[in-house]
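A.B. asks: Line by line, the protein sequences give chains A and B. The first sequence runs 1 to 117 under our numbering. The second sequence runs 1 to 110 under our numbering.
Hints are supplied without guarantee of correctness; some may be wrong.
To be verified - Calculated lysine-lysine pairs in the DSBU-like style (CA-CA distance at most 30 angstroms, straight line):
| id | chain 1 | residue 1 | chain 2 | residue 2 |
| --- | --- | --- | --- | --- |
| 1 | A | K41 | B | K57 |
| 2 | A | K52 | A | K18 |
| 3 | A | K41 | B | K68 |
| 4 | B | K58 | B | K71 |
| 5 | A | K36 | A | K18 |
| 6 | B | K71 | A | K52 |
| 7 | B | K5 | A | K41 |
| 8 | B | K58 | B | K42 |
| 9 | A | K40 | B | K71 |
| 10 | A | K40 | B | K58 |
| 11 | A | K40 | B | K15 |
| 12 | B | K71 | A | K41 |
| 13 | A | K40 | B | K68 |
To be verified - Covered, in the sense of this in silico footprint (three residues per stretch, anywhere, with C-beta under 8 angstroms from a C-beta of chain B), are these stretches of chain A:
| id | region |
| --- | --- |
| 14 | 35-44 |
| 15 | 106-113 |
Keep in mind that the hints were calculated from the coordinates and are not lab data. No experiment lies behind these values; they were computed from the predicted model shown. Ideal Cβ positions, reconstructed from N, Cα and C, are used throughout, including at glycine.
Below are the chains, spelled out letter by letter.
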Amino acid sequence: ETGVTQTPRHLVMGMTNKKSLKCEQHLGHNAMYWYKQSAKKPLELMFVYNFKEQTENNSVPSRFSPECPNSSHLFLHLHTLQPEDSALYLCASSQDPGGTGNNQPQHFGDGTRLSIL
Amino acid sequence: QQQVKQSPQSLIVQKGGISIINCAYENTAFDYFPWYQQFPGKGPALLIAIRPDVSEKKEGRFTISFNKSAKQFSLHIMDSQPGDSATYFCAASPGNQFYFGTGTSLTVIP
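Put together the whole structure using the sequences plus the hints.
C.D. replies: Have a look at this one:
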């Protein structure tokens, strides 16, 4: 059983739909992340939450809206997406070292494959 | 600007051979360098990681070589097996944010 669970695994939606991606981590971590993975590109960091507070937003369009109600759950709300938003969306979690310098690895879910019609 | 540059993009190795994937970075604030392995339909999984206070780390058939002065690090897979066929990503981190390479698709042929 993976420590990071993402649902749904696949999602097909039209450009005018509203949907949400869900991520849950069972590792006791305090930081969670959303990444976009497209072919032949590096993983693109979208959002970072530390202790439920958003600390990074890498110029992501407003049609993507994150929500982190607690340190174990993370959502990505989608609205009016474009065809170029079709990609694999990965959630990850880690234990924020809190400035100790003792970086910890990120643990990934298996992603949601999103297709925009 | 790409923070971590990875090469090659794809690699084909005979079973039993050595697979070598290289990464380079510029930001001297990076102090943690993990490698991830990703199979189709799965998320990236941590394979091995190194911190800059050592030049090499070995775990089983996987070795990271780290050259701090050159700002380069590489993954060596000894005795490569068909089950190692996957996409490999290097990454670098100055804290809780990670920067990833573009990935290397490794195929190990029997």
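A.B. asks: Indicate, hint by hint, whether the structure satisfies it.
C.D. replies: Structure-based check of all given hints:
1. K41/A to K57/B: holds, 27 angstroms
2. K52/A to K18/A: Holds. K52/A to K18/A sits at ~23 angstroms (cutoff 30 angstroms).
3. K41/A to K68/B: Answer holds: K41/A to K68/B is near 25 angstroms, not above 30 angstroms.
4. K58/B to K71/B: Distance of about 19 angstroms is within 30 angstroms: holds.
5. K36/A to K18/A: holds, 18 angstroms
6. K71/B to K52/A: violated, 34 angstroms
7. K5/B to K41/A: holds, 11 angstroms
8. K58/B to K42/B: Answer holds: K58/B to K42/B is near 25 angstroms, not above 30 angstroms.
9. K40/A to K71/B: Within the cut-off at roughly 23 angstroms; holds.
10. K40/A to K58/B: With Cα atoms ~28 angstroms apart, K40/A and K58/B stay inside 30 angstroms; holds.
11. K40/A to K15/B: It holds: about 25 angstroms lies between the C-alpha atoms, which stays within 30 angstroms.
12. K71/B to K41/A: With Cα atoms ~21 angstroms apart, K71/B and K41/A stay inside 30 angstroms; holds.
13. K40/A to K68/B: Satisfied, since the Cα-Cα distance of roughly 27 angstroms is no more than 30 angstroms.
14. 35-44: holds (count 4)
15. 106-113: Our answer is that it holds, as 6 residues pass the Cβ test (under 8 angstroms) against chain B, meeting three.
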